[in-house]
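Peer 1: Each chain, letter by letter, is given below.
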Amino acid sequence: GAVVSQHPSWVICKSGTSVKIECRSLDFQATTMFWYRQFPKQSLMLMATSNEGSKATYEQGVEKDKFLINHASLTLSTLTVTSAHPEDSSFYICSAREGTGESQPQHFGDGTRLSIL
Amino acid sequence: KQEVTQIPAALSVPEGENLVLNCSFTDSAIYNLQWFRQDPGKGLTSLLLIQSSQREQTSGRLNASLDKSSGRSTLYIAASQPGDSATYLCAVRRSNYKLTFGKGTLLTVNP
Chain A
333 GAVVSQHPSW VICKSGTSVK IECRSLDFQA TTMFWYRQFP KQSLMLMATS
383 NEGSKATYEQ GVEKDKFLIN HASLTLSTLT VTSAHPEDSS FYICSAREGT
433 GESQPQHFGD GTRLSIL
Chain B
3 KQEVTQIPAA LSVPEGENLV LNCSFTDSAI YNLQWFRQDP GKGLTSLLLI
53 QSSQREQTSG RLNASLDKSS GRSTLYIAAS QPGDSATYLC AVRRSNYKLT
103 FGKGTLLTVN P
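Quick note, the sequences are listed as chains A and B, same order. Under the numbering used here, the first residue of the first sequence carries the number 333, and numbering increases by one thereafter. Under the numbering used here, the first residue of the second sequence carries the number 3, and numbering increases by one thereafter.
Take the hints with a grain of salt, since some may be wrong.
Only pairs whose alpha carbons sit at most 27 angstroms apart, straight line, appear in this in silico DSS-like list of lysine-lysine [claimed, not checked]:
1) LYS3(B) x LYS100(B)
2) LYS3(B) x LYS373(A)
3) LYS396(A) x LYS352(A)
4) LYS352(A) x LYS3(B)
5) LYS44(B) x LYS346(A)
6) LYS100(B) x LYS373(A)
7) LYS398(A) x LYS70(B)
8) LYS105(B) x LYS70(B)
9) LYS44(B) x LYS373(A)
10) LYS398(A) x LYS387(A)
11) LYS352(A) x LYS70(B)
12) LYS100(B) x LYS387(A)
13) LYS373(A) x LYS352(A)
14) LYS352(A) x LYS398(A)
15) LYS346(A) x LYS70(B)
16) LYS352(A) x LYS44(B)
17) LYS396(A) x LYS44(B)
18) LYS3(B) x LYS398(A)
19) LYS70(B) x LYS396(A)
20) LYS44(B) x LYS398(A)
21) LYS70(B) x LYS387(A)
22) LYS387(A) x LYS352(A)
23) LYS398(A) x LYS100(B)
24) LYS105(B) x LYS396(A)
25) LYS100(B) x LYS70(B)
These stretches of chain A come out as covered by chain B in the derived footprint (C-beta under 8 angstroms, 3 or more residues) [stated by the list, open to error]:
26) 353-359
27) 369-376
Calculated from the structure, these hints are not laboratory results. We treat Cβ as the ideally placed atom computed from N, Cα and C, and that holds for glycine.
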């Protein structure tokens with residue numbers, strides 16, 4: 333089946349540093365990738381949608397200068413949390429949509445737990 | 003604005019029991035509905051996807067139904083096992099392929 337690989341799985345860093353998270357579709361081409369954020373015992377909240385070769389579309393309330401998204405190829409999207417602060421600590425999950433058909437499901441990565449000290 | 007609600011928030015059952023998880027959504031104009039499983043600290047595993055034109059989908063011991071007009075879906079798990087313990091998430095697909103998730107039901111199956 334379709335596999336989405338997310339790296340790193342866990343990162344701890346100091347406040348003020350920038351952190352990059354990678355999301356790769358291993359055995360399919362993903363024209364669209366999605367980035368979600370999940371707080372403990374809460375649902376996944378969509379942060380942004382990225383299409384290969386174009387700028388990401390951010391959801392209302394998500395700072396585009398804070399969360400930089402790059403979708404440079406059909407198999408790789410990156411999320412960079414710039415100048416991270418403790419309130420950015422969360423579980424970040426990416427997903428990728430296989431193909432362009434209306435009925436195609438989204439495949440999810442295993443998530444990245446980000447802890448900012 | 004689409005809202006997805008899952009009931010109950012948590013459920014604990016003995017092994018072997020059949021159980022039903024509920025999901026409701028406020029806007030019936032959906033493309034499809036998907037049930038996922040999430041293990042602690044992990045990503046999501048897709049269990050079943052029901053297109054808006056379908057009434058149900060089955061996979062092994064799992065059966066999901068969809069009543070789009072009433073904004074409801076159920077996930078039925080037969081003969082539950084301890085390995086079924088996880089959080090089950092329901093998500094509906096809006097336009098532009100965006101998913102709206104519920105908060106999930108935390109299922110514990112006791113041996």
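Peer 1: Would you mind marking each hint as holding or not holding in the structure?
Peer 2: Here's how the hints hold up against the structure:
1. With a C-alpha separation of about 13 angstroms, the suggested pair LYS3(B) and LYS100(B) falls inside the 27 angstroms cut-off, and the hint holds.
2. About 21 angstroms separates the Cα atoms of LYS3(B) and LYS373(A), which keeps this hinted pair within 27 angstroms; it holds.
3. For the given pair, LYS396(A) sits about 14 angstroms from LYS352(A) by alpha-carbon distance, which is consistent with the 27 angstroms threshold.
4. Distance check on the hinted pair: LYS352(A) and LYS3(B) sit about 31 angstroms apart at the alpha-carbon level, beyond 27 angstroms; violated.
5. Our distance criterion of 27 angstroms between C-alpha atoms is met by LYS44(B) and LYS346(A), whose separation comes to about 23 angstroms.
6. A C-alpha spacing of about 21 angstroms is found between LYS100(B) and LYS373(A), which places the hinted pair at or below 27 angstroms, so the restraint holds.
7. A distance of roughly 38 angstroms separates the Cα atoms of LYS398(A) and LYS70(B); the hinted pair therefore is violated under the 27 angstroms criterion.
8. A C-alpha spacing of about 20 angstroms is found between LYS105(B) and LYS70(B), which places the hinted pair at or below 27 angstroms, so the restraint holds.
9. With a C-alpha separation of about 13 angstroms, the suggested pair LYS44(B) and LYS373(A) falls inside the 27 angstroms cut-off, and the hint holds.
10. Between the alpha carbons of LYS398(A) and LYS387(A) the distance comes to roughly 15 angstroms, so the proposed pair stays at or under 27 angstroms and holds.
11. Among the hinted pairs, LYS352(A) with LYS70(B) is inconsistent with the structure: their alpha-carbon atoms are about 39 angstroms apart, more than 27 angstroms.
12. With a CA separation close to 17 angstroms, the supplied pair LYS100(B) and LYS387(A) stays within the 27 angstroms bound.
13. A distance of roughly 24 angstroms separates the Cα atoms of LYS373(A) and LYS352(A); the hinted pair therefore holds under the 27 angstroms criterion.
14. The hinted pair formed by LYS352(A) and LYS398(A) meets the criterion: a straight-line CA distance of about 12 angstroms does not exceed 27 angstroms.
15. For a cut-off of 27 angstroms, the pair hint linking LYS346(A) to LYS70(B) is broken: about 47 angstroms separates their Cα positions.
16. A distance of roughly 19 angstroms separates the Cα atoms of LYS352(A) and LYS44(B); the hinted pair therefore holds under the 27 angstroms criterion.
17. Proximity of LYS396(A) to LYS44(B) is assessed by CA-CA distance (about 26 angstroms); at most 27 angstroms being required, the pair is judged to hold.
18. Distance hint between LYS3(B) and LYS398(A) is fulfilled; the C-alpha atoms sit about 25 angstroms from each other, no more than 27 angstroms.
19. Between LYS70(B) and LYS396(A) the CA atoms are separated by roughly 35 angstroms; this puts the pair beyond 27 angstroms, and the hint is violated.
20. Taking the CA atoms of LYS44(B) and LYS398(A), the gap is near 24 angstroms; set against the 27 angstroms cutoff, the hint holds.
21. Proposed proximity of LYS70(B) and LYS387(A) is contradicted: the alpha carbons are some 34 angstroms apart, above 27 angstroms.
22. Distance check on the hinted pair: LYS387(A) and LYS352(A) sit about 17 angstroms apart at the alpha-carbon level, within 27 angstroms; holds.
23. Restraint check for LYS398(A) and LYS100(B): satisfied, since their Cα atoms lie roughly 21 angstroms apart, inside the 27 angstroms limit.
24. Taking the CA atoms of LYS105(B) and LYS396(A), the gap is near 25 angstroms; set against the 27 angstroms cutoff, the hint holds.
25. Straight-line distance between C-alpha atoms of LYS100(B) and LYS70(B) comes to about 18 angstroms, which keeps the hinted pair within the 27 angstroms bound.
26. Only when three residues or more bring their CB closer than 8 angstroms to a CB of chain B does the claim for the region 353-359 of chain A stand; here the count is 0, and the claim is violated.
27. For the region 369-376 of chain A, the stated coverage by chain B holds: 4 residues have a C-beta nearer than 8 angstroms to a C-beta of that chain, and at least 3 were required.
The structure fails hints 4, 7, 11, 15, 19, 21, 26 (numbered hints given earlier, in ascending order).
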